[in-house]
Amino acid sequence: MILKMNNAGTWRSGTISTLLLLLGWLLIGASALLIRYSRSLFDTAYAASFFWEYLVPPILVGGPMAFLDTWFFRPRLKGRSFIHALALRFLIFVGGIILTYGAIGFLVLGYRDKLLFAYIFHFLLLWGLGSIFLLAVRNLAEHFDRHQLLKWLTGAYHRPMVEERIFLFVDLNDSTSIAEKLGPKAYFNFLSDYFFLTAEVIEQHEGEIYQHVGDEIIVTWPLHKGLRRENAYRLFFALEETLKINRDMFQREYGIFPEIKGSLHAGSVTKGEIRGKRREFIFTGDVLNSAARMHGVCKENDVQLIVSGDMLQKSYISSNFRIRSLGAMLFRGKEKPVDVYAVDQTSAVM
Numbered sequence: 001m002i003l004k005m006n007n008a009g010t011w012r013s014g015t016i017s018t019l020l021l022l023l024g025w026l027l028i029g030a031s032a033l034l035i036r037y038s039r040s041l042f043d044t045a046y047a048a049s050f051f052w053e054y055l056v057p058p059i060l061v062g063g064p065m066a067f068l069d070t071w072f073f074r075p076r077l078k079g080r081s082f083i084h085a086l087a088l089r090f091l092i093f094v095g096g097i098i099l100t101y102g103a104i105g106f107l108v109l110g111y112r113d114k115l116l117f118a119y120i121f122h123f124l125l126l127w128g129l130g131s132i133f134l135l136a137v138r139n140l141a142e143h144f145d146r147h148q149l150l151k152w153l154t155g156a157y158h159r160p161m162v163e164e165r166i167f168l169f170v171d172l173n174d175s176t177s178i179a180e181k182l183g184p185k186a187y188f189n190f191l192s193d194y195f196f197l198t199a200e201v202i203e204q205h206e207g208e209i210y211q212h213v214g215d216e217i218i219v220t221w222p223l224h225k226g227l228r229r230e231n232a233y234r235l236f237f238a239l240e241e242t243l244k245i246n247r248d249m250f251q252r253e254y255g256i257f258p259e260i261k262g263s264l265h266a267g268s269v270t271k272g273e274i275r276g277k278r279r280e281f282i283f284t285g286d287v288l289n290s291a292a293r294m295h296g297v298c299k300e301n302d303v304q305l306i307v308s309g310d311m312l313q314k315s316y317i318s319s320n321f322r323i324r325s326l327g328a329m330l331f332r333g334k335e336k337p338v339d340v341y342a343v344d345q346t347s348a349v350m
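Per full-length UniProt numbering, the very first residue in the sequence shown carries number 1; after that it's consecutive.
Read the hints as simulated data drawn from the structure, not as lab findings.
The structure presented is a predicted model; accordingly, all values stated were derived computationally and were not measured.
Using N, Cα and C, we set each Cβ at its ideal position, and we do this for glycine too.
Listed below are the simulated DSBU-like cross-link pairs for lysine-lysine, each with C-alpha atoms no more than 30 Å apart in a straight line:
1. 314 x 334
2. 334 x 271
3. 185 x 299
Label-pair ranges, simulated between beta-carbon atoms:
4. 173 x 83: 32 to 40 Å
5. 257 x 346: 17 to 25 Å
6. 330 x 185: 35 to 43 Å
7. 323 x 295: 17 to 25 Å
8. 121 x 173: 53 to 61 Å
9. 183 x 244: 21 to 29 Å
10. 213 x 59: 39 to 47 Å
11. 59 x 136: 19 to 27 Å
12. 323 x 259: 16 to 24 Å
13. 310 x 137: 34 to 42 Å
14. 302 x 181: 16 to 24 Å
15. 213 x 330: 23 to 31 Å
16. 181 x 244: 14 to 22 Å
17. 310 x 186: 38 to 46 Å
All chains, please: the whole structure from these sequences, using the hints.
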């Protein structure tokens with residue numbers, strides 16, 4: 001089953017992913033070239049051969065392979081385990097390496113038999129190890145939020161930090177009845193397809209997936225990223241549009257079309273790494289509690305997206321959206337009422 005993405009951001013993020021993989025090939029080739037032949041690089045008799053062997057294949061072959069991996073293999077490997085996806089990608093890349101260097105050795109350099117085999121094996125070892133590294137990094141980035149992965153690798157949150165952040169809580173309408181209708185296994189597959197679609201759109205709008213809690217998705221941005229190009233507002237309606245594009249698929253597979261509601265809030269939170277047998281990043285602060293409480297207002301007032309007054313004060317709202325007040329509401333556990341507003345989209349903005 002191939003899910004549909006209809007967004008210019010899909011091409012942008014896919015192109016960036018392809019170029020990064022191609023850059024990885026070039027860096028491996030250039031590094032191997034410098035390490036192995038650093039003393040001979042300035043000898044013109046060797047320079048052309050080195051160029052053909054180490055730098056041309058990553059461009060002529062690595063480029064198309066990276067493109068196929070992004071646009072053809074990645075959607076079809078959805079749902080595979082980390083090891084399974086890595087092994088399949090590795091075998092495909094190894095096939096490309098053998099064909100490429102077999103052609104260079106046989107047609108360009110005139111190698112035959114054992115010499116040709118040794119030539120192919122040398123580069124198979126180099127690019128094979130390089131492929132495992134690059135594809136493992138790529139698979140990790142697909143299994144974990146790349147923002148969180150980078151911060152974990154760099155130790156960005158070993159000490160708690162106070163940040164201004166935006167949070168968007170998104171969940172499914174009538175999720176309990178959907179779960180009862182589908183049953184445990186089908187409902188799990190339903191959520192898997194739903195999360196796969198939303199992850200791509202969230203990345204396009206510079207959001208970070210903080211948590212999945214049941215059918216709920218909690219998305220966060222640093223304040224400046226969420227306000228830039230109205231990302232925090234545009235994301236919710238982009239998610240709705242993506243789900244509509246896949247309406248037929250959901251109806252065919254599950255007999256149900258997912259509809260969503262959301263709440264937006266902004267303010268100061270503390271973020272840090274909780275250490276133990278299992279390490280994870282968490283946010284603490286009143287912002288998350290308020291955003292969660294605001295969620296119930298959507299159903300009570302029959303609106304799809306609501307925003308707090310605090311969030312509105314920090315935002316510039318263009319004519320793409322219409323804001324209407326729902327009044328001040330006192331939520332459980334709060335001492336002061338929160339101003340709440342409904343957000344409607346007046347024109348399609350993806």
